[in-house]
Structures are given as C-alpha cells and as structure tokens.
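Protein chains: 2
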Amino acid sequence: MKKYSFLFFSFLFLSASVVLAQSQHPNLILNKQVIAEIQKNLGNVPLFDKTFAGIKSQVDGLLKQSIDVPVPVDPGGGYTHERHKQNYELMYNAGILYSITKDEKYAVFVKRILDKYAVMYPALKLHPQSKDQTPGRLFWQSLNETVWLLHTIQAYDCIYYWFSKSDRDKYETNIFLPMAKFFYEDSPHEFNLIHNHGTWMVASVGMTGFVLNKQDLIDKALYVTEKDGEGGFIAQLNQLFSPDGYYTEGGYYARYALWPFFLFAESIQNNKPELKIYEVRDQILRKAFYSALQMTYTNGEFMPINDALKEKTFLSAELIYALNFVYDRYGEDKSLLSIARLQNKVSFSKGGIKVAQAITELTSVPKFKWESINFVDGPKGDEGGVSILRWGSDNDLESLLFKYSAHGLSHGHFDKLSFLFYDQGREIIQDYGSARFLNVEQKLGGRYLPENKSFAMQTIAHNTLVVDEKSNFNGKREQSEKFHSDYYFLSADNSDLQITSATDSNAYDGVKMHRTLLMVNDPGFIRPVVLDVFQVNSEKSHQYDLPFYYMGHFLSTSYAYNPFITERKVLGKKNGYQHLWLEAEAKTSGTSAFTWLNGERYYSITANTDSNTQILFTQIGANDPNFNLRNDHGIMFRVTAKNHTFVNIIEPHGDFNPTLEYSFNSYPAFEKIEVVRSDEQYTIVEIFGKNDLHWTFMIANNNADKYATHTVALSDGTKLTWHGPTSINKKKEKEHEKRK
Amino acid sequence: MKKYSFLFFSFLFLSASVVLAQSQHPNLILNKQVIAEIQKNLGNVPLFDKTFAGIKSQVDGLLKQSIDVPVPVDPGGGYTHERHKQNYELMYNAGILYSITKDEKYAVFVKRILDKYAVMYPALKLHPQSKDQTPGRLFWQSLNETVWLLHTIQAYDCIYYWFSKSDRDKYETNIFLPMAKFFYEDSPHEFNLIHNHGTWMVASVGMTGFVLNKQDLIDKALYVTEKDGEGGFIAQLNQLFSPDGYYTEGGYYARYALWPFFLFAESIQNNKPELKIYEVRDQILRKAFYSALQMTYTNGEFMPINDALKEKTFLSAELIYALNFVYDRYGEDKSLLSIARLQNKVSFSKGGIKVAQAITELTSVPKFKWESINFVDGPKGDEGGVSILRWGSDNDLESLLFKYSAHGLSHGHFDKLSFLFYDQGREIIQDYGSARFLNVEQKLGGRYLPENKSFAMQTIAHNTLVVDEKSNFNGKREQSEKFHSDYYFLSADNSDLQITSATDSNAYDGVKMHRTLLMVNDPGFIRPVVLDVFQVNSEKSHQYDLPFYYMGHFLSTSYAYNPFITERKVLGKKNGYQHLWLEAEAKTSGTSAFTWLNGERYYSITANTDSNTQILFTQIGANDPNFNLRNDHGIMFRVTAKNHTFVNIIEPHGDFNPTLEYSFNSYPAFEKIEVVRSDEQYTIVEIFGKNDLHWTFMIANNNADKYATHTVALSDGTKLTWHGPTSINKKKEKEHEKRK
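Which chain is which? The protein sequence lines are Z and D, in order.
Residues in the first sequence are numbered consecutively from 52, following my numbering.
Residues in the second sequence are numbered consecutively from 52, following my numbering.
Just so you know, the hints here were simulated from the structure itself, not pulled from any lab data.
Don't take every hint at face value.
Pairs count within a copy or across copies, as identical chains cannot be separated in the list.
As the list claims (entries may be wrong) - With a straight-line Cα cutoff of 20 Å, these simulated SDA-like cross-link-like pairs (lysine to any residue) come out: (1) 782 / 691; (2) 563 / 166; (3) 107 / 767; (4) 101 / 710; (5) 107 / 711; (6) 338 / 754; (7) 162 / 496; (8) 625 / 614.
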C-alpha cells in the first residue's frame, strides 16, 4: 500500500506530536457545548423535541423494569440477539437523557444494566451460533458486538462522572478493555480489514480509546494493530471510497458504513481536530454521503445493486446521523433539509439540533435534487463505475442505473454491465437485490440465505448478458476482484438525450461486451424511452442470454408463444438457472414487442429479435425448498452466435387510470428495429415506429473521442455523418423516403 | 312483485296528479340557485376552486382543437371507445363552465361536438364489437352509451337557452330522443332490469325526460316501459338494496350504481320534490351510501367480494358525487368531510360547494369511523348478509369481512361463508376479486376475462370450504340465486370479543356448514387474533378443502413438507382447481403452524390438523395461457370425512423493522388446538399456547338465543357453563391443572 504512505506518515506524525489532553466527558458526539445548546433549545424545536420525547417515553417506560442480560444463545432474530441489541439502544438513549436532563434515574438505569454485563462478559466464550461468520461473544458475529460497543461506550461517556471510580474500573476492566482487545487481538483479520466490518470495529475501538483516554486504542483504530497504516480508519477512508465518494460495495452498504465512519470522524474531530478528518482526501466523507444519497431513488430505497435489501431507505438511522453531521460540517446545505423532513427525526448531535432548528425556522426548503450522475469506482477511480441517468420531477422520476464497476468485495454480484430502471416512484425493471430476511429467525437467523449465492449473486439474476449459462468469471469472486468493466462514454448534459456506455472484456473469456444505454426524450412520447444497445463479439460461437426482470403484470406480446400451462419445468441446472421456472417460450420472425402494466402506466420492450432468437418467459422460484425467493418474472432473449447486437427499447407509454376509468396508448409506438451494421468500428441501428417515426442510432465502437467526426456509408448508398462516439438522427419516415 | 304494489301506486298517483311545470334550464343537478351560489363563492373556496380550475384548464386546452367524433369501431380500451368517453366528459365539463362563466366559447365548443354527433348518430347500426354484451351503437355495450347520455344531456341542459331552436330540434331529433328510444324500445330487457345497468339506463332516460320536458320518458324511467312499476327507478330503489342499504352485488358495484342513483335522485328532487325521493324507503339512498362507504377499508379500497377490481377506491367520481349529495340532503355529517379531504375534489352541485365550503371553514373535522357492522342482504333483509368486524385505529385497522349473503346477481361469486382479512392498511388474507383489466385493450378490451369465470368466481378461489372439488351449487348461478346463507349470531358490542357466525345448508347437497369467526383481543397479544371455527356435517363422506389466500412471503412451517422444486403440476382439472399450481404438500401429526411476513408484521395460521389432514401449498396461475391471473399464494387444509370441524387461528404477531433493524416474536404463540367435542349441539375447542395460555371456546350450534344457559360435561369430568350461543374461557394452564 505504498501509494498512501505519504498520507499515512503525515497523520502519524500529527498524532504522535500531540499529547492527548485530559478528557472532558462526554467527549465523543455530545460534549459540554452541544449539551448546553440542546438544553437551551429544548421545547422550542419541534423536530428535536419529538425525537427527544421518543427516546424519553421509550426509556421511561422501562425504568422500573428489570432488564434481562441473557447468556448469548440465539442467532440473529432470536431472543438473546435482539435483547442485547435492545440493551445497547436503551443504554445509549438513557445516556443521552442523562446528559440532557441530568436526572439520576437514567444513570441508575444504565448502571443496573452495565453491572450485569460486567458480571457476564468476562466469562463468555465464543458465541455458540457462530459458524461461518467472524464470531462474537455477545452476538453470533463480531459485527453486532462492535455496534454494541459503539453505542455502549457513548452511554458510558455520557454518565462517566456519575459512576463511582470502582464502577468505572469494573466496567473498563470487565467489559470495555477486554471487548476492545477481543477485537484487535482475537479478530485481527476483521480489525485490519478494508471493509465496512473493519470500519465498525476500528470506530468502536477508537471511540473507546477516546473515552478511556487510551492513546494505544486510538492509534490502533486509526492505523491498525501494527500501527503501520496498512489498515485502520485512515486507510479505509483512502481505499473504501473512490475519489467520487462511491463506496465499492454499493449504496446499500455505503449506508451501513457511513454510521461508523461519521461517528468516529465526529469523535476524532472533537478530540483531535488537528487531524482535520473532515478534510481528508478532499472531503471524502462529504462525497461519500452525497454519493450514497444519490444512489437512492425518490422512494428512499437504495438502488439494490450487490447484496442489498430493498426495505432499506434513507430513513434509516445511519443516514440520519450522516445527514446531520454533513449539514453541520460541510456548509449547511439547505436541500438536505427536504430529506431530513422525510426522516422526521434527528440525531443527538450538534448537526441534529442544527437541522431541527433550520427546519423550524425555514418556511420552505429547496428540494434535494436527484441528478444524472456518474461515479468512478476504485480507490484511484480507475476501476469502472456506476452511472445514473434521470429525467423528470421527484414525484415521477425516471431513473436508470448502469453498473460497470469493480466487483465490490464480499457483497458484490456478478453483474457486469447490468442496469436497473425506475419510474412512477417504483421499480420497473428490477435488480433482485439479495436473498435475505434481515433478523428474521426462521430465515437462517437473518443471515444471507443459500439462494443469495445460488441465485441473487449469479449473472442470470441480473439484467445483463449471460454467456453459455455461466456467470461472469465463472462465479469466482477472487477472479472477479482482479478486473472491472471500463467506462466508454457518458453524456448527461442534454436532458433530452442522455447516454452512458461501457465495455467489458474480462467477465467472459474471449468475449467482448459493449453496452450503451440512452435515455431519449422526444416530443412524440410521454416520457423518455430507453434505448439499450448491447454488442457482443467473440471468435467462437456462444449462447447469449439477455434477461429483463420486469415488475408488473404481463399484458401482451406481438407474437405467438408456447405457454407451459399444465406442467412447469426448470430452465437450467446451475449458475442460477436452476431457480428459474420456464413459463413460456417463443420464436419470432422479426422485431417483437412485449408489454406489461405497472401502476398506472404501460411499459413495452421492443426488441430486434429475428428467426434465430428464442424468447423465454421465466418466474423466479424453482429449486427453492424453503420459499426463500420472491416469485418475480422475467423475459429473456436467447441467441447462439459469435457476434450479436441486442437492441431493446424500453418504452413507458399510455395511461391506465382505474379511478377515472380510462386507458389509452396501451401499445408501444416502436414497430421495427434493424441493426444495419454492427462491427468493431460501428453499430448503426434503424428504428421505425408509429406516426412515421424513423430514428437512426449510431455508435463508434472504438473511438470515444467527443470531437471525432465519423462518416459511414450504408449499403443503400445513404451517408451518415456525425460527431462524437454516439448520435441519433430523428426524422419522419416520409422525409427519409424522399431523401432516398 | 306484488309486495311493492302499494308503494308503486302511491308514486304513480303523485306523478300523474302533478302537471309538469314549464322547465327552467338547467334543471337537473345545477339550477339557477346552485349556479348563483357557485358564482358568489368562486375564488373563496379553495377545494371548489381547484376542482373548477381542473376542468377549466382541461377544456380551455382543447377549445381551439378539432374534436374527433369517430365512427365506432373499437371495444373498451380502444381508440373510438375512449374518444367517445372523452367527448362526453368534455361536453359535460364545458356545459358546467358555460353555466358558471356564461362565456360563449364553451357553448360553441359543445355545439361543434354535438353537431358531429347529430350527423353521425342517426345512421349508426349496432356496434360492430358487441358480441356477448347488450349492444350499444356508440359503444360496444349499451351501458357506456347510457353514461354518454347521462353526461351529455346535462351539458345540453346547461347550454339549452344558448342553442337556437333549430339546433335544439336537431339534437333532440337526431340524438337524444332516438338514443332514449333505443334504450327503452330496443333494449327492453336491460331497461327493465333490476340491476345497476338498468339504473344507468333509466337515469339517463329520465334525466333526458326532465330536460326535454317529456313526461313519458320520466314515467318510463320511474316505472319502466309498461309503467307498471315492475321495473324502473322506484323498483330498483326497493329491490337492489336491502333495508340496511346493502347493495346485493357488493360494495364495488354499489359504488358504480350510486352514480346514476344519486344523479337521477337529485334530478327528481329538483323537478318533482313531491316524490320526496330522498325519503323513499326510510332514506334508502342515505343507507346505500353509508353501507358502500363502510364496505371500504382504510386504504380506500372496496373490499373486493364478488366481481371487483382492487384499484377502485372511494376516490372515484361516483363516490364524490354521492358523498356531496348525502352531505347536502342528509344533515351535513361532518365526518364525511374527512373522506372528502382525501377525495380532494368536489362535484358541481349544491352538495359539492357545501362540502368545499365546510372544509375551508372548519379547522378540524371528525374522522369518518369505520365500524364493526352487519348488513342484511335481500330486498326484505332476509337473505343472509355481510358482517365486518373491526379493531384499532384508522392508521392500523384490523378488519375482517364475513360473507353469508345471497348470490349477488351476475357479478356474484360462489363464495358462501368466505372471509377477507386486513391489517396494517393492506390485505393479509385476500379475496382474489375479479380477473379483469378495466379498459385495457389487450385484455379482451377490458371485459371480464375467461379466468374470471373459470377461477375468480369459483369457490376454490375464496377463503371458504370446497366440497369434493366442486363449487357451491355446482357453479350454477340460477341455482345459487334461489338460496342464501343464514345469519346465526353476531356480537360486536365488546371490542375485545367480536363474533360473527352463519350457516349454509344449500350450497352443497346434504352438507351443513357452520362458520364462526371471532376477533379476540387479549392482553397477551399485540392485536386481536382471529379464531375461525368451521364445522361441516354430512351423512356421506366428502373431501373438504379449506384454503387461505395469504398475502406476503412464506416464512416457515412447524412441520416438514414435500416441496415440488424441479417440476410443478396442476392441482386439479376443473372448478378453478385447474388454475392452481401445487407448490408443496405435507402431512402432520397434530396442531400445525404456518407463518408468513407481510409488511412489518408476522402472521401465522395455527390449525387443528391431525394425521388425516393434508396440507397443500398452491400458487395461482396454472392453465392461464394469457397470463391473466395474479400469481398469488395459498395454503389449503384437506380432510376426507363425514363430519369435521376446522379450527384455524390467524394471529398477527411480532414486529419486523428493517429501518431500525430489529425483529421480534416471529413465531406464533398458539401451540395446540383440540376440538374436544363437535356435534349438532355443541362445539368445544381447547386452545393452548405459550406462557401457559389456555382458552376454551364453546359454541351452541343449534340455539342462538342470547340468554340461554348451556352446561356441557367434558370427558374428563370438567363442567363448562356459559350463556348465549358462544363463549370463551381464558385461563392460565396452571390454574387449569390445579382445577383438575
């Protein structure tokens, strides 16, 4: 990790040169000034008061009750697991209540709980349920234990001065120090890991260091066990995010990582301001936050690339924290307040009270803008990326995410050049996300289910090309992590014609893939249509499958198909195919259209199928004995060839209004797609539709120069001339005829 | 129809004795006074202004454009169909705009459209697409044509005085009179029908009579073609609603019927106030409205018994009209304003402006209360009924609808003793509703699909008993219409113990069914549990199937099952079974539990299964070549016996919170169900569960007397004594043990 040595040494120098000041308590997120500010404003800031009342009523309701601190037995979702989670949350909230109200009952409450942990914790061995995970002692995985420490150390910090010296000794000796040691000494792999689990661990250890005034813990947290900067918080800041702030595991895990990143950063800022942690790497934490937020859709959902649960939104606690800190530390961006309003909660922090005050004072706030945006991946920004094209307003935003990034660590999926499509505030063409029921005991204790690996991670589970029914890199993560897809071209300045394009020649041996997605807004359509051109080239013949997992109800096809209505078979044997029921299959002689209904709008995929194309309709759920998968549907185009260019037009159209009882334009406008040329140099596609629509779409396949001029002669003698890597000519068919 | 002769003759007398006054125009819904009131208030009543601005911007945008009046060609959803619908809506809105603004441009606009109809209409033959429906001329079914007339005659009425005499003659001679005649002379069956189609027809003809001052049309509309009162509006008021206002086709169709009922009633009130139409049958229109509204759930959806589309809510135009009229004519019930606020629109009527004013003036309005309620069915109220049990607040209302009504005309389903269950603002155990995509051209032009009859109407599509894989009454409507289920008992006064119970001995020859549903609220549970006791008795052995169509994701079972994971077969051959895929099957030795997840709550069905019970898991969608059905899931209990008592406990439990990342109580609390006695006289059920739960549930099966005392000795010597038809003893298991 030579490349970060300069940065590392400069930090080490700073950290060594500053003698740790005698701590004041609390000294992490809350401190004297923040508490005073909260006390001054309490009762006058509705959103803050509401948040405060929420934790107060929770804790007050339990003050008199005995709080169980059970011997750890259960995995995620089980009683002891959930109980220990509730306990740290209760202690954390009680700590905050004590800080603000100075009412001793909250301190007594925390003492009662901590006393039990101080008896139990030293005797604990590894958790009995920890099989294939990094084990904890209180919890089946150490990850939960770091979250426990991160919360509990804050509660302890809040009540620090109220505890007797002997209590403090007891807690530090029996709980905090051994737990920290358990992390850095007994879980060195996890502790040194450049991964969100590593971040949770170092944050909890570092924050413990600040509270216990242990420079050694702080240094370990910042620069890992060997204090060499090969791991630890600073290395994580440098390596887990791309220069754009894109988190290599994707938005869903960025969300989760932001929590320890920001809590530890804020603790560092309050204790070691000389580190200027918020400025590190050109404000990488600010960028990380905004990139995570931009990875959400207007319904709050993190677009679920890689392992992601769709239930997770920007309403989650970690985004509340992060937003509050960002608002406070990075110039009070008022557009964040529109998200904070939806969150309807703030954190107990300087940022939290500021956000709540701003919302109270401002009569109107600017809306957060979901924009067309591109993120590079990789610490140096040279490992592909993710781009998002957007069109329309918040209440009906068309969004397309295109993934051409690096693998994304252990939660990455084999989904090179896949995309996700949203409209009407909902998924239209989905990414399955992950097969997991968070914390649900019946579903493997909330762990990732076997179908996560056997289906959700596989290439066939995504809206991208599968070669010979195998996943990218044969489904081998260590192989996939060596490569990434490559940016080819992006243009999103003109909202009527947004383009993203990328290539990959590593996912399949000897196969070159080049996908270009356009969002084309045209007066002839109610909303932009998506033009999807997927060129694949190989010297050998392969079976190419291109699936689209549409959401909504099948309406019609422009062709006859053979439905399997009395017996249903499985599509394949492995690599995810074993989880697909074959519902119907079809052959067509030319351009084909498939239409479905989702919400109050129709959607069609018009495809350049021909007599060599097989069309397969599938339902997810075969070979799923525990009913772990959602039974969603897909359409798949299958071609056996050396070189092939799939062209698909995704068209939102018409209006289905059951309330006002009308329906119109339930058929697509596109009628014919012809690939007139597709080779190493150029792809030229002619598109015809209703009302004499005739578009010609051109891509230069091996020259992404924005200023290059291209001239191509078609077989009919027509000459096409354009500038830059892609272009689209729109003309009425009749004019075209005339020109001929 | 002798029973209504008195009512009929008294109306005939009144109508004959009053000479029709020289009409003022408009004279239907709007009149001089209402228009003056609107004009006076315009600009001061936001909700009304918004509604007004809505139609103004719609019409203004099209004023200069040519409006197409195409020769009718298409079925529902097709261009000409939708165009003629848009045309009547435009004319209606333009008529209103003219009335209020007196701006001639709106009159000119309507004239331009009517002129085209006046040319086209006389030459029209029957619509080319009308196959299996009552044909129209403008539309594929006459129903749409009556809606056209009902709107257009109002537009004409609004602009009446502006038209030249020769225009009026032209429209009346070429359009209105022949269209009315087409209805009463060429469609006598429909016109005389006691059915919502009949109501639309008579309302449009009667309103035409008021505008054209044709007593003959009015009398025909009120008392049908022969003016004998055997059909027509008055007969419809008497026969389509039960004394409670329950509409025999169910809430969804009540909604649709309310439109012509209220528009014609308001027109009658304005023209023939001496008929006191709003007072008829003890204010049957008021009752009809409230019963329809009570048949909705808090999400606005009409609980979809019989043929119903779930997309339809109380936001639809007909409910806006009806609510406005009811508010005005029946004492300004302020709780209706909470619904009007959600509708966010009013009608152009006296009620509409009143509602909008009230919403402006009142700072807070009482909430409309969805209550536990029972409706009798049948004109005399002696044909069974529908009961709804409810518990909780609007934002999380538990609702159970139990159907033991008459068949419900042509849209009725074969679903005796079925139920629907809602919670969390959504469906938990669903009724499929109807198989139809309203106005979607690809789906049979928006008509009912074949699967509506082959699946949705069949008994197996419902949460009720199927005997020998046949539907109630062998699926013969004419047979089903002769019978109804019977009320046994209802008690909803105690919100902690609500009970509904009914019997049926006609749906299956020689089979007696008795179902009792309890909503039991107990401190041991977060919300009420539903106890479902279904006793079936026959002298011969039968196969009894009891399905539950749960919504949500399968989590776990308390037993092993055999899943069909590589090949899927169809459950049966006919009567709806041909549409069910068999996903898994199981045998258990005793009480069994099945748990699923829906939203943020867990649900379980704990069942008194034994070694004779087969458990089948199904998915809807087999034998569905056009993908017309939704692929929802069900669990089914199958027993072959003469007499059997199914006991199922539906238990909402726990909390699944992905935002705050916790989960608890994902397993049901009930553990054992034993039917210790079930015969003609009594059913006694013992229920055991966690935390020493021990309940005993007793039903007297042949004595519904509320005051009767029952004493039953159990085989272990215990004596149970209770009063009334049902009772539940709750005790801790340990106490029970002690008692023994």
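Hint numbers not upheld by this structure, sorted from lowest to highest: Those not satisfied are hints 1, 2, 3, 6 and 7.
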